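Enquirer: Take a look at the letters that make up each chain.
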Amino acid sequence: MARSITYREAINEALAQEMERDERVIVMGEDNAGGEGAPGEQDAWGGVLGVTKGLYGRFPGRVLDTPISESAFIGAAIGAATGGLRPVAELMFIDFMGVCFDQIFNQAAKFRYMFGGKAVTPVVVRTMWGAGLRAAAQHSQSLLSVFTHVPGLKVVAPSNAYDAKGLMIQAIRDDDPVIFAEHKMLYDTSADVPEESYTIPFGEANVVREGGDVTIVAIGRMVHTAMEAADELAGSGVQAEVIDPRTTSPLDTDTILESVENTGRLVIVDESNPRCSLATDIAATVAQDAFGSLRAPIQMVTGPHTPVPFSDALEDLYIPDATKIAGAVKTAVDWKA
Amino acid sequence: MTDDRIQRVTMPKWGLSMKTGKIVDWLVSEGDTIAKGDDIVDIETDKIAGTLESPAEGPLRRIVAEPGAELPVGAVLAVVAPTDVPDAEIDAVVEEAKAAVASGSLEAPDEPEPQLVEVGGRTISYLSLGPEDAADPVVLVHGYGGDKNSWLFVQQPLAEEGHRAIALDLPGHGASGKDVGDGSLATLADSVAGFLDALGIGRAHLVGHSLGGAVVAKVARDAPGKVASLTLIAPAGFTPEVDAEYLRGFAAASSRRELKPLVGRLFADESLVTRQLVDDLLRYKRLDGVDKALTAVLGTLLDGDRQALDTRALLEGVDVPRTIVWGTSDRIVPVPEGVELTRVEAGHMPHMEAASEVLAAIKAHL
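In order, the protein sequence lines correspond to chains A and B.
Numbered according to my numbering, the first sequence spans residues 1 to 337.
Numbered according to my numbering, the second sequence spans residues 338 to 703.
A portion of the hints provided could be inaccurate.
Derived CB-CB ranges, DEER-like [to be verified]:
#1 B:Glu381 to A:Phe115: 34 to 42 Å
#2 A:Ala72 to B:Gly457: 49 to 57 Å
#3 A:Lys336 to B:Pro423: 49 to 57 Å
#4 B:Asp647 to A:Met114: 56 to 64 Å
#5 B:Lys629 to A:Lys324: 43 to 51 Å
#6 A:Asn106 to B:Gly586: 41 to 49 Å
#7 B:Ala439 to A:Ala234: 15 to 23 Å
#8 B:Ser693 to A:Lys324: 47 to 55 Å
#9 A:Gln239 to B:Val365: 24 to 32 Å
#10 B:Glu403 to A:Leu317: 36 to 44 Å
#11 B:Asp642 to A:Gly84: 40 to 48 Å
#12 B:Gly441 to A:Gln239: 22 to 30 Å
#13 B:Thr370 to A:Asp289: 52 to 60 Å
With a straight-line cut-off of 20 Å between C-alpha atoms, the simulated DMTMM-like cross-links for lysine to aspartate or glutamate are [stated by the list, open to error]:
#14 B:Lys597 to A:Asp188
#15 B:Lys515 to A:Glu261
#16 B:Lys622 to A:Glu228
#17 B:Lys597 to A:Asp175
#18 B:Lys515 to A:Glu210
#19 B:Lys597 to A:Glu258
#20 B:Lys597 to A:Glu315
#21 B:Lys629 to A:Glu258
#22 B:Lys622 to A:Glu23
#23 B:Lys597 to A:Glu261
#24 B:Lys622 to A:Glu195
#25 B:Lys359 to A:Glu210
#26 B:Lys515 to A:Glu204
#27 B:Lys622 to A:Glu258
#28 B:Lys359 to A:Glu228
#29 B:Lys629 to A:Glu196
#30 B:Lys359 to A:Asp231
#31 B:Lys359 to A:Glu232
#32 B:Lys356 to A:Asp192
Examples of chain B residues toward chain A, derived with CB under 8 Å [what the hints assert, rightly or not]:
#33 Arg612
#34 Leu624
#35 Asp625
#36 Lys629
Note that these hints are calculated values from the structure, not bench results.
Just so it is clear, the structure is predicted and the values come from calculations on it, not from any experiment.
We put the CB at the ideal spot given by N, CA and C, even for glycine.
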């Protein structure tokens, strides 16, 4: 039976169900257990935004608090994965990747390849991404493209609670290192989520809305903003197809290309910085493989090439909104060659 | 005081989850005289597109809901009344209808909820509509890979007419437990018979679609005393021929791109396959255990490229009144020769594409 739960609860439920099913699954990170051994309420935190809350009590010894040393505990998780466990490590903010990136891109991502396919590294790195929390330039970035660039990593960015649960279970059962990017502004959004365990395969985009006039590819929180724009546009007779890739590596290029072959127009919405980004990557793929179908230049709606501002007013301007998306769609639809 | 000859055509409720419907197109115009059962308006829900058959008869005085409008269940779509009812009275009904939509008072708060029952160590999910004390309930059994929601056009109308209509999920399907054991016809039929016992139902009218048709036939064979009538809709096991590629493809499909063209084969009119319908099927297929269940039941359905079941032989000598309904454009199991049956214009899903004929066939036994 499905019932409505939040994105946060969906991830927590996925972790709990997999920990129940497979004793090799462990959880580790800063404040994941919540100050075990310290005075006060045990399991108070469950991670900085409470995603792992309740797990410590249910799975004693399998939820580990770590020191504030990402290179140490991400490295430990990767090592544990090569040794037979299936760790889920929390890198609190994606912005902290720099501290531990060698462990991820030069170690975890390379083992299967360099050991002739004989090694597996079933580690999940959960991490929070995205702007909107008034958390300033060092806690608000959208660095998915950096991970997506690296062969050997899988990169997941759920946009809703249903996808979050199914993709998390898939990530835990996957034998490769997975970067599981949780958008911090989606934790309190709800969707119908089955109580039972289920998996969503990687590399399968979700067609969130069907339409024949323009294809909008949006990632993470931007899926919701794109849907807002699509509803607005429908009022003026423009039917947008909205595609949520769900995983950026692997990327379901077939679904995107098929849609563009049908609509002839593409708008890509990604809140990250515009250079060398998911938006440019998808644009290049479509320009190369579906050039003949395009009836207008590909439009990209992204944040600007600046850090995310701390000022509320500027941060709001930084993040793409429905008006900007609708404007880009109109540019594409009104294009005269 | 409004004239009681004024009839309101309202937004139907097609299935448990339907809250609103969108008017696609009217097939009749103001001034037309319509009869009960006439196709009058195409309506789209987030699950499926369908055509509303008129519950009213007489001159269509006013169309209240314009194409494109998204309206809650129960909203007045049109007004039917004899020509001697003055326009002013019709106007008053229209105003009242618009006010009801605007006030939001139509959003129904109480939804009947599916329930769970243990049958032989398996959990069966079911939805019961209509009065619980009604005699001999109608029990609806879906086909391979389907679930109780596939009866959306049939179950609610039966309940509205005072019958108890129960749709269940077979083991391995819908919200029921995913353990199907050996996946055999006997296992599935025992689950249905056990379900009747568990609910204290001594006798029921059994309706089965496709695989469900073979299942209820087996129940009738094993326990004819429990079965008041059989209505078999495109039942499995009447011909050796079957679209084996569809069945195997359905079992194996894990993405929308694989599944959508297959699901299209179920319908005569492929435009009935909405994004949501395919999405719901994928959501089911992704659940742990479904893969195994579908594979096990596939072995019950197929022997090579042919049907492994022989429902026709199963029914020989079974003394239970029965009706067989088949869609003339069925691409999954072809219409059999030499069998008395009701042909309807539909594909493999007559209960969705020709619901009123299926309803009539069921009601003929009640």
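Enquirer: Decide, hint by hint, whether the structure agrees.
Expert: Each hint, compared with the structure:
1. A hinted range of 34 to 42 Å for the beta carbons of glutamate 381 (chain B) and phenylalanine 115 (chain A) is inconsistent with their spacing of about 54 Å.
2. Checking the proposed 49 to 57 Å range against alanine 72 (chain A) and glycine 457 (chain B) shows it holds: the Cβ atoms sit about 53 Å from each other.
3. Between lysine 336 (chain A) and proline 423 (chain B) the CB atoms are about 54 Å apart, so this pair conforms to the stated range of 49 to 57 Å.
4. Restraint check, aspartate 647 (chain B) to methionine 114 (chain A): a C-beta distance of roughly 57 Å satisfies the suggested window 56 to 64 Å.
5. Distance hint check: the CB atoms of lysine 629 (chain B) and lysine 324 (chain A) are about 47 Å apart, consistent with the given range 43 to 51 Å.
6. For asparagine 106 (chain A) and glycine 586 (chain B), the hinted distance range of 41 to 49 Å is satisfied, since their beta carbons lie about 42 Å from each other.
7. One distance hint, 15 to 23 Å for the beta-carbon pair alanine 439 (chain B) and alanine 234 (chain A), holds here, with the actual separation near 21 Å.
8. Take serine 693 (chain B) and lysine 324 (chain A): their Cβ atoms lie about 49 Å apart, and the range 47 to 55 Å holds.
9. In this structure the supplied range 24 to 32 Å holds for glutamine 239 (chain A) paired with valine 365 (chain B), their Cβ-Cβ distance being about 27 Å.
10. At about 39 Å, the CB distance of glutamate 403 (chain B) to leucine 317 (chain A) agrees with the hint of 36 to 44 Å.
11. A hinted range of 40 to 48 Å for the beta carbons of aspartate 642 (chain B) and glycine 84 (chain A) is consistent with their spacing of about 44 Å.
12. Glycine 441 (chain B) and glutamine 239 (chain A) have their C-beta atoms about 27 Å apart, which keeps the hinted 22 to 30 Å range intact.
13. A C-beta distance of roughly 56 Å is found between threonine 370 (chain B) and aspartate 289 (chain A), which places it inside the suggested range of 52 to 60 Å.
14. For the given pair, lysine 597 (chain B) sits about 32 Å from aspartate 188 (chain A) by alpha-carbon distance, which is inconsistent with the 20 Å threshold.
15. Annotation: proposed proximity of lysine 515 (chain B) to glutamate 261 (chain A) is violated, straight-line Cα distance about 39 Å (limit 20 Å).
16. Simply put, lysine 622 (chain B) and glutamate 228 (chain A) have alpha-carbon atoms about 29 Å apart, too far for the 20 Å limit, and the pair is violated.
17. The suggested pairing of lysine 597 (chain B) with aspartate 175 (chain A) is violated, with an alpha-carbon distance near 29 Å, which exceeds 20 Å.
18. Taken as a hint, the lysine 515 (chain B) and glutamate 210 (chain A) pair is broken in the structure, with Cα atoms around 32 Å apart against an allowance of 20 Å.
19. Annotation: proposed proximity of lysine 597 (chain B) to glutamate 258 (chain A) holds, straight-line Cα distance about 14 Å (limit 20 Å).
20. At most 20 Å may separate the alpha-carbon atoms for a hinted pair to count; lysine 597 (chain B) and glutamate 315 (chain A) exceed this at roughly 41 Å.
21. For the hint linking lysine 629 (chain B) to glutamate 258 (chain A), the alpha-carbon distance of about 31 Å lies beyond 20 Å, and the restraint is violated.
22. Proximity of lysine 622 (chain B) to glutamate 23 (chain A) is assessed by CA-CA distance (about 25 Å); at most 20 Å being required, the pair is judged violated.
23. As the CA atoms of lysine 597 (chain B) and glutamate 261 (chain A) are separated by approximately 18 Å, the hinted pair is consistent with the 20 Å bound.
24. Note on lysine 622 (chain B) and glutamate 195 (chain A): the hinted pairing holds, with a Cα-Cα distance of about 14 Å set against a maximum of 20 Å.
25. Distance hint between lysine 359 (chain B) and glutamate 210 (chain A) is fulfilled; the C-alpha atoms sit about 16 Å from each other, no more than 20 Å.
26. Under the criterion of a C-alpha separation no larger than 20 Å, the hint pairing lysine 515 (chain B) with glutamate 204 (chain A) is inconsistent with the structure, at around 24 Å.
27. For a cut-off of 20 Å, the pair hint linking lysine 622 (chain B) to glutamate 258 (chain A) is broken: about 23 Å separates their Cα positions.
28. Proximity of lysine 359 (chain B) to glutamate 228 (chain A) is assessed by CA-CA distance (about 19 Å); at most 20 Å being required, the pair is judged to hold.
29. At roughly 15 Å between alpha-carbon atoms, lysine 629 (chain B) and glutamate 196 (chain A) fall within 20 Å of each other, so this suggested pair holds.
30. Taking the CA atoms of lysine 359 (chain B) and aspartate 231 (chain A), the gap is near 15 Å; set against the 20 Å cutoff, the hint holds.
31. A C-alpha spacing of about 17 Å is found between lysine 359 (chain B) and glutamate 232 (chain A), which places the hinted pair at or below 20 Å, so the restraint holds.
32. For the given pair, lysine 356 (chain B) sits about 15 Å from aspartate 192 (chain A) by alpha-carbon distance, which is consistent with the 20 Å threshold.
33. A cut of 8 Å between beta carbons decides the hint on arginine 612 (chain B): the least distance to chain A is about 5 Å, and the hint holds.
34. At about 5 Å, the closest approach between the beta carbon of leucine 624 (chain B) and any beta carbon in chain A falls short of 8 Å, and the interface hint on this residue holds.
35. The interface hint given for aspartate 625 (chain B) holds, since its Cβ lies 4 Å from the closest Cβ of chain A, which is under the 8 Å cut-off.
36. For lysine 629 (chain B), the interface hint is violated, the least distance from its beta-carbon to any beta-carbon of chain A being 13 Å, above 8 Å.
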